[in-house]
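Participant: Here is what each chain is made of, one letter per residue.
There are 2 protein chains.
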Amino acid sequence: MRVIGVDPGSVICGYGVVERTGKRYQLIEYGVIKAKAAGEALPLRCRMIYTRLQQVIERSLPDEMALESLFYAKNVASVIKLSHARGAAMLSGAMREIPVIEYSPKEVKRAVTGRGGADKKQVQFMVRDMLGIEETHEFYDATDALAVAICHLNKVHSPLGRPRSWKQFIEEHPDRIVGSKPRKNS
Amino acid sequence: MRVIGVDPGSVICGYGVVERTGKRYQLIEYGVIKAKAAGEALPLRCRMIYTRLQQVIERSLPDEMALESLFYAKNVASVIKLSHARGAAMLSGAMREIPVIEYSPKEVKRAVTGRGGADKKQVQFMVRDMLGIEETHEFYDATDALAVAICHLNKVHSPLGRPRSWKQFIEEHPDRIVGSKPRKNS
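As they're listed, the protein sequences go chains A and B. Position 5 of the first sequence, counted from 1, bears residue number 12 in this note's numbering, the numbering being contiguous throughout. Position 65 of the second sequence, counted from 1, bears residue number 72 in this note's numbering, the numbering being contiguous throughout.
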């Protein structure tokens, strides 16, 4: 099973595609989508995220998309910008019929490092170790995106390997679908 | 000049296309995009808004898109959902190279009724009167979307009729572009 993890930001959006075969994790590709300028207009920003993620999905053909859930406590203006960017990111999955699932930052950190309170450096260290990445990526957003993908691959135990439709996926994972029901962070 | 106004909601999204020739306003089309269920997953909701607005844009060929700006005071959970939907809506314009401009609810009400504090019924009445709409639409979202389009057509005084590119539009209206700079509600 192959998963694209996305860490959408309104300035930098990280992405990473990971394949799991049995207990083996393999890196397919990863990178960041940077805004041309910090003040770039939001519609253009959404377009860049959407277009670039579509390209990644087209060439890497992931089965599912995993996103970090939004941390509500940030200031409202940034939450609004971030949510527009997230809308564009999840749309890039939904337009390809790829289920989009979200995980809290704590879940992601725990899945990768064993500790919900791990810092970004520790997450990056573990991700690089698991996937055999030699270089240190300039941005944590890229390794954070890979961490979300790994988290999802860890958590999903589908005997079929992948769900065959949105409908089936929602039936099997009613609590995992973004926006369906409020879920407590665990 | 032809403008598509959009009133994006996470459950109901209104849209309306209006053309202005001199002082004459002409209704091209309007309607709403409803979620299949109130609890529909956000990626599917974004996909429906994006796909349907793309269809409207393809057949009505607007020059620009106008949106109502977000009212920050709502509760954060709804602002987040709404912003995802808005991201999908503005993306449908940006993917077609259509400039996306926003107006505060007050500006829209003032443009249509002369009063920033007008209620939805008054807005609907004025919109129906201006565009010669006989039926009362079931949803205010549709007439609200038409009101945003009318507001934009009122405010834009471009001697060229329409801006020829995003770059030019941004140069001419630096304060009107969504997400570029915070703007005071007027």
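Please note that the accuracy of each hint is not assured.
Where chains are identical, the list cannot tell them apart; a pair therefore holds if satisfied intra-copy or between any two copies.
25 Å max Cα-Cα, derived PhoX-like pairs, lysine-lysine [claimed, not checked]: (1) LYS162 <-> LYS43; (2) LYS88 <-> LYS41; (3) LYS113 <-> LYS128; (4) LYS43 <-> LYS113.
Hints are computed from structural coordinates only; laboratory data are not their basis. Here the structure is a predicted model, which is why all the values come from computation and not from measurement.
Participant: Each hint should be assessed against the structure and marked as holding or not.
Facilitator: Status of the hints after comparison with the structure:
1. LYS162 <-> LYS43: neither (35 Å within a copy, 29 Å between copies)
2. LYS88 <-> LYS41: So LYS88 and LYS41 pass the 25 Å test inside a copy (15 Å) and across (24 Å) alike.
3. LYS113 <-> LYS128: Only inside one copy: LYS113 and LYS128 sit 15 Å apart there, 46 Å across copies, limit 25 Å.
4. LYS43 <-> LYS113: Intra 30 Å, inter 32 Å, cutoff 25 Å: neither.
When each numbered hint is compared with the structure, violations occur for hints 1 and 4.
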